[in-house]
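Enquirer: Protein chains in written order, with my numbering: chain L, 1 to 258; chain E, 1 to 258; chain D, 1 to 303; chain Z, 1 to 303.
Accuracy of the hints is not assured; some may be wrong.
Said to hold, decoys possible - Here are the simulated distance ranges between beta carbons:
| # | chain 1 | residue 1 | chain 2 | residue 2 | range |
| --- | --- | --- | --- | --- | --- |
| 1 | Z | Glu153 | L | Glu85 | 52 to 58 Å |
| 2 | D | Pro87 | E | Leu17 | 46 to 52 Å |
| 3 | E | Val88 | Z | Ile303 | 45 to 51 Å |
Bear in mind the hints are in silico, worked out from the structure with no lab data behind them. Fair warning: this is a prediction, and the values are worked out from it, not measured in the lab. We treat Cβ as the ideally placed atom computed from N, Cα and C, and that holds for glycine.
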Amino acid sequence: MGKKFVENFQVVQNTPLNSTNFLIKIQSEKKLPEMLPGQFVNVEVKNSSEIFLRRPFSIFEVDYSENTISLLVKILGRGSKSLTEVEVGTSVNIVYPLGKGFTKPEIDDKILLIGGGSGVAPLLFLAKESGLTADNVDVILGAKTSNDHINVNNYVSFANMHFTTEDGSLGEKGFVTQHSLFKNKLKSYNKIYACGPDGMMKAVAKEAKAAKLFCEVSLENLMACGFGVCLCCIEPTSKGNLCVCTEGPVFNINDLKW
Amino acid sequence: MGKKFVENFQVVQNTPLNSTNFLIKIQSEKKLPEMLPGQFVNVEVKNSSEIFLRRPFSIFEVDYSENTISLLVKILGRGSKSLTEVEVGTSVNIVYPLGKGFTKPEIDDKILLIGGGSGVAPLLFLAKESGLTADNVDVILGAKTSNDHINVNNYVSFANMHFTTEDGSLGEKGFVTQHSLFKNKLKSYNKIYACGPDGMMKAVAKEAKAAKLFCEVSLENLMACGFGVCLCCIEPTSKGNLCVCTEGPVFNINDLKW
Amino acid sequence: MVDLRVKIGDLEFKNPVMTASGTSGFAEELTDFYDVSKLGGILLKGTTLKNRDGNAYPRMAETASGMLNAVGLQNKGVDYFIKNIYPRIENYETHLIANVNGSTVEEYIELTEKIDVLKKIAAVELNISCPNVKEGGMAFGISCPSAAAVTREVRKVCTKPLIVKLSPNVTDVTEIAKAVEAQGADSVSLVNTFLGMAIDAEKRKPLLSTITGGLSGPAIKPIALRMVWQVYNAVKIPVIGMGGIMNATDAIEFMLAGASAVQVGTAIFKDPFIPLNIIDGIEAYLNRHKLNSVSEIIGALVI
Amino acid sequence: MVDLRVKIGDLEFKNPVMTASGTSGFAEELTDFYDVSKLGGILLKGTTLKNRDGNAYPRMAETASGMLNAVGLQNKGVDYFIKNIYPRIENYETHLIANVNGSTVEEYIELTEKIDVLKKIAAVELNISCPNVKEGGMAFGISCPSAAAVTREVRKVCTKPLIVKLSPNVTDVTEIAKAVEAQGADSVSLVNTFLGMAIDAEKRKPLLSTITGGLSGPAIKPIALRMVWQVYNAVKIPVIGMGGIMNATDAIEFMLAGASAVQVGTAIFKDPFIPLNIIDGIEAYLNRHKLNSVSEIIGALVI
Ligand SMILES: Cc1cc2nc3c(=O)[nH]c(=O)nc-3n(C[C@H](O)[C@H](O)[C@H](O)COP(=O)(O)OP(=O)(O)OC[C@H]3O[C@@H](n4cnc5c(N)ncnc54)[C@H](O)[C@@H]3O)c2cc1C
Ligand SMILES: Cc1cc2nc3c(=O)[nH]c(=O)nc-3n(C[C@H](O)[C@H](O)[C@H](O)COP(=O)(O)OP(=O)(O)OC[C@H]3O[C@@H](n4cnc5c(N)ncnc54)[C@H](O)[C@@H]3O)c2cc1C
Ligand SMILES: Cc1cc2nc3c(=O)[nH]c(=O)nc-3n(C[C@H](O)[C@H](O)[C@H](O)COP(=O)(O)O)c2cc1C
Ligand SMILES: Cc1cc2nc3c(=O)[nH]c(=O)nc-3n(C[C@H](O)[C@H](O)[C@H](O)COP(=O)(O)O)c2cc1C
Ligand code: FES
Ligand code: FES
Chain L
1 MGKKFVENFQ VVQNTPLNST NFLIKIQSEK KLPEMLPGQF VNVEVKNSSE
51 IFLRRPFSIF EVDYSENTIS LLVKILGRGS KSLTEVEVGT SVNIVYPLGK
101 GFTKPEIDDK ILLIGGGSGV APLLFLAKES GLTADNVDVI LGAKTSNDHI
151 NVNNYVSFAN MHFTTEDGSL GEKGFVTQHS LFKNKLKSYN KIYACGPDGM
201 MKAVAKEAKA AKLFCEVSLE NLMACGFGVC LCCIEPTSKG NLCVCTEGPV
251 FNINDLKW
Chain E
1 MGKKFVENFQ VVQNTPLNST NFLIKIQSEK KLPEMLPGQF VNVEVKNSSE
51 IFLRRPFSIF EVDYSENTIS LLVKILGRGS KSLTEVEVGT SVNIVYPLGK
101 GFTKPEIDDK ILLIGGGSGV APLLFLAKES GLTADNVDVI LGAKTSNDHI
151 NVNNYVSFAN MHFTTEDGSL GEKGFVTQHS LFKNKLKSYN KIYACGPDGM
201 MKAVAKEAKA AKLFCEVSLE NLMACGFGVC LCCIEPTSKG NLCVCTEGPV
251 FNINDLKW
Chain D
1 MVDLRVKIGD LEFKNPVMTA SGTSGFAEEL TDFYDVSKLG GILLKGTTLK
51 NRDGNAYPRM AETASGMLNA VGLQNKGVDY FIKNIYPRIE NYETHLIANV
101 NGSTVEEYIE LTEKIDVLKK IAAVELNISC PNVKEGGMAF GISCPSAAAV
151 TREVRKVCTK PLIVKLSPNV TDVTEIAKAV EAQGADSVSL VNTFLGMAID
201 AEKRKPLLST ITGGLSGPAI KPIALRMVWQ VYNAVKIPVI GMGGIMNATD
251 AIEFMLAGAS AVQVGTAIFK DPFIPLNIID GIEAYLNRHK LNSVSEIIGA
301 LVI
Chain Z
1 MVDLRVKIGD LEFKNPVMTA SGTSGFAEEL TDFYDVSKLG GILLKGTTLK
51 NRDGNAYPRM AETASGMLNA VGLQNKGVDY FIKNIYPRIE NYETHLIANV
101 NGSTVEEYIE LTEKIDVLKK IAAVELNISC PNVKEGGMAF GISCPSAAAV
151 TREVRKVCTK PLIVKLSPNV TDVTEIAKAV EAQGADSVSL VNTFLGMAID
201 AEKRKPLLST ITGGLSGPAI KPIALRMVWQ VYNAVKIPVI GMGGIMNATD
251 AIEFMLAGAS AVQVGTAIFK DPFIPLNIID GIEAYLNRHK LNSVSEIIGA
301 LVI
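Kindly generate the complete structure, drawing on both the sequences and the hints.
Expert: Structural data, given as structure tokens:
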């Protein structure tokens, strides 16, 4: 395992991206350690009498020159809600960096990133850090309606962005696995990365497995500690029950019992 | 018992009066019921994972035209600290009006009010509402140093203000019961009202009893409910264990087992 | 319109939400806030044969998501109740339930006899689980033979529905529940408070005059819920659940675990309107889940 | 300089703060954050004779000021521990204490024998209180005869200090404590988790795969503190206290109530530095109160 920290960061930005997603940027006084796409932080939710444990969020962006980390926080329940109410200037305590990242793509890889819900964050980070030309990176993001999608204009130089919505209000209508790229061109990729709701990832994994493609997914199992001591976040794998927080959150689908 | 309410008020002012005392003014959207000096409100402390119960505070001022109630909050522990951090514009939930007030002075009474610590609030309210001329109302306020006293300029038209400090930095040096008025002129008053630390009230009560004077004190027993259902706040009296929240907080010293 | 009525024995409640004993006085205090006829029932403050002063101050300590109390059954005794309080509350249009306490079986019997003749007392809750008295109380509720004995004797003199209130301070709560069921209890209510303690580290002294007291509030909810579920699966009589209920979701969880009705205690100290909010919340839940009657969720946990 | 050393039997600890079993893995994970030699001791994750996969996901549910877990003693078995983990951790300069678990007395014995020969294991904590396993575990810890029996047999093969970890899910914890003391336990540690339950009201399903799980965290502190105080007054062997300790004040409360040392569990999930902060906080307290040694506060509650 690598060195980990418990540290107070200052909130420098908290911007609603749409009705349920917020971009929260936090800044450290210290130099940040290296962080990889797929890794996450465990955030203390203060000011709420109902929340006892921390809440894990993927690292969405890192600016090493400004010592900032950005999180993409989707309101799901009480903790995420409370977190989206933090004010600029106040402090937020995080444990970081946690977990293992995605396998870094090779320079000549053709990769497909498939995200839904809060799974968007690690994938966009991966797109940006992949080191590939935009042509080699396709991203399919799925959501209910166009309003549930966030603006990804900043990413068009890193990847080709594609969308699906259940109501057809943006991109192709349907689920991500019904997108034309996914249905018709899956085999043209040699690495698939997916993050999102369980059902979505399982559907992706099924097709990727059938096509014998390299495919990694990032799991969001419930966590208590986030650094491997409680054994609450386990996922059954071919190597037994593994902790998602330390052996994941990224797993190769061949290791999962899906 | 009278009608009681549970209501959200809006914080319209939160001003530090010195390092540990804050004036918090809260406003209702509705017309306020009549409130008497000595009555209190029970305040919900939000935004703190450590606080479970409400915290009681005396009513310090009421403005019926603006529908505002002011509280004088002294930082003692976690709850009062958290309360002094409420921001203007946010809401605060209170149960009110609670308890019974002080016996209203007669028009020709000469009264002495003795306060220390957070006991200042109900006494200044009483001074203002007593309906007497300033000459008939003496107030002795005690504190550790001049810095611990709050500014009472607004009250000079209602009462003659006197001070004691333990270090002599304001008014007479010593405790309130060592003030010259108290030591030499006690018998010139026919009603004594005291509120403050237990030790102070007991010292006042002792002298008042010896001088056979009418004397009421306002107790600050620990409370869970504040409206008479839990029986946690009891004080032993000649009528048995009585609830400070409903039968008090104001008691005639003759009824107490002091 | 969903049907919120539930039954405990032959007694029908307009809804399953009651206020717990010792947390709603003798009902009058709540009328300062609202019309108590909206409540399913009100458990009156624990009553004894004779006047009790209760324990010395301090009687209360706040804890994480809960509180300790050491009230010790302060009340003016049953005769005072009958003469002075009962006449003032008897016309409240909700089920008033007496909470009876004794230090000996004889006291329980005599007290129950006096309560049993009061027309507007809908039922008797036999408290064998108060942790804050030196004699009797919890001592009866933590062993099967004594719990059975007091239930048997009280049952003989009690013509009203008899609810036995169980202590959670036991190794196996189902044993006690079965023991009192066998002696004719119409229902069991649980849980009473957990024996706990709090210390002032600076003063190196207990925060309660009695050293230990009873823990209540959300802190205990997971344990209370487990016990309700265990008891529901062990007995045939209806179970009344409580322990840390703060909102409709909590109440629904207890009903899913098997409670036919719930009692709300400590939550009242935070906000006396919580029991009413819970009634509304249960109704909203039933509507959202397209259920006609609250009885459909009793024990409806899917395992 | 205040003296923070405490003794459990013949074993001296540099300070009274340890991490609790199951909440600090096999100690390695904590080294990602700090030098573990600052800790008084580390209770290793519950170990069994054979590999255990533990219970199915989900194993965790957040509750008011606490959490439920249903890990179920997942571990790779003692042989894997000895071969792969022990060599990596044996040189940590703090007391490593094994937490041994079995479904039968024989398993406890065999496991203890294997652990007992490991030079750098300072003591054995006999876990007879795990609520999350189908066989053994808590079943041993909730009855005096079985608690006594397993302690007696393990004592025979255990040459190291033997700490017996007690379950709070009992009517009278002092009876169990006395029973294991009589069989030669050098110390008792308490409390393990309380059996609890959580329900998803919308899905009408338990939140844990095992339906019930173990409650830990600040919610249980008042009950744990009471039990430590009761046991301290009932036995002569040193008591190790735990249950919801989040800061130095909590730890001091347990020591005032009679604990010779404390274990910090769930707090680590919130912040792995909490055990270290507690050590500093105890030192500050002793200085503030002008005490020379932490041993002066053990059982120093003024009644
Ligand atoms: C490694 C990892 C990375 C994550 N990255 C992100 C991210 O970048 N952005 C983001 O918005 N979210 C992310 N999540 C999910 C995020 O942690 C949860 O949304 C959050 O913890 C929910 O907390 P809450 O208090 O709002 O919900 P709660 O009020 O606790 O729960 C609301 C509902 O959501 C369920 N729930 C809670 N947590 C989870 C979970 N982790 N997985 C599945 N269901 C859950 C609960 O069971 C409940 O039904 C990540 C989770 C993990 C484990
Ligand atoms: C009727 C009434 C009127 C009051 N009016 C005022 C007022 O106008 N202004 C004001 O500043 N305060 C007033 N108080 C006191 C105020 O309620 C307490 O200061 C507050 O509850 C402390 O909460 P906390 O969370 O800050 O302290 P905690 O963190 O809960 O406790 C800190 C320490 O203070 C002690 N403590 C807490 N509450 C009380 C109490 N009520 N009495 C004695 N010791 C206590 C605790 O035991 C502990 O040692 C009043 C109290 C009562 C009962
Ligand atoms: C201050 C207080 C006083 C109580 N008095 C009684 C009582 O007189 N009789 C009784 O059976 N239970 C009494 N209880 C227990 C409650 O009725 C209830 O069983 C317990 O508090 C758990 O529920 P809660 O967590 O909702 O409060 C009392 C509880 C509190 C907090
Ligand atoms: C996730 C988790 C796993 C645990 N595993 C064990 C274990 O393997 N052996 C054991 O004796 N206790 C185990 N416990 C119990 C703790 O050691 C401790 O007794 C309990 O959590 C109470 O302390 P706390 O409130 O400080 O956490 C576990 C607790 C938790 C929360
Ligand atoms: S969350 Fe604790 S081990 Fe993964
Ligand atoms: S605080 Fe509950 S009765 Fe006074």
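Enquirer: Please list, smallest to largest, the hint numbers that this structure does not respect.
Expert: none
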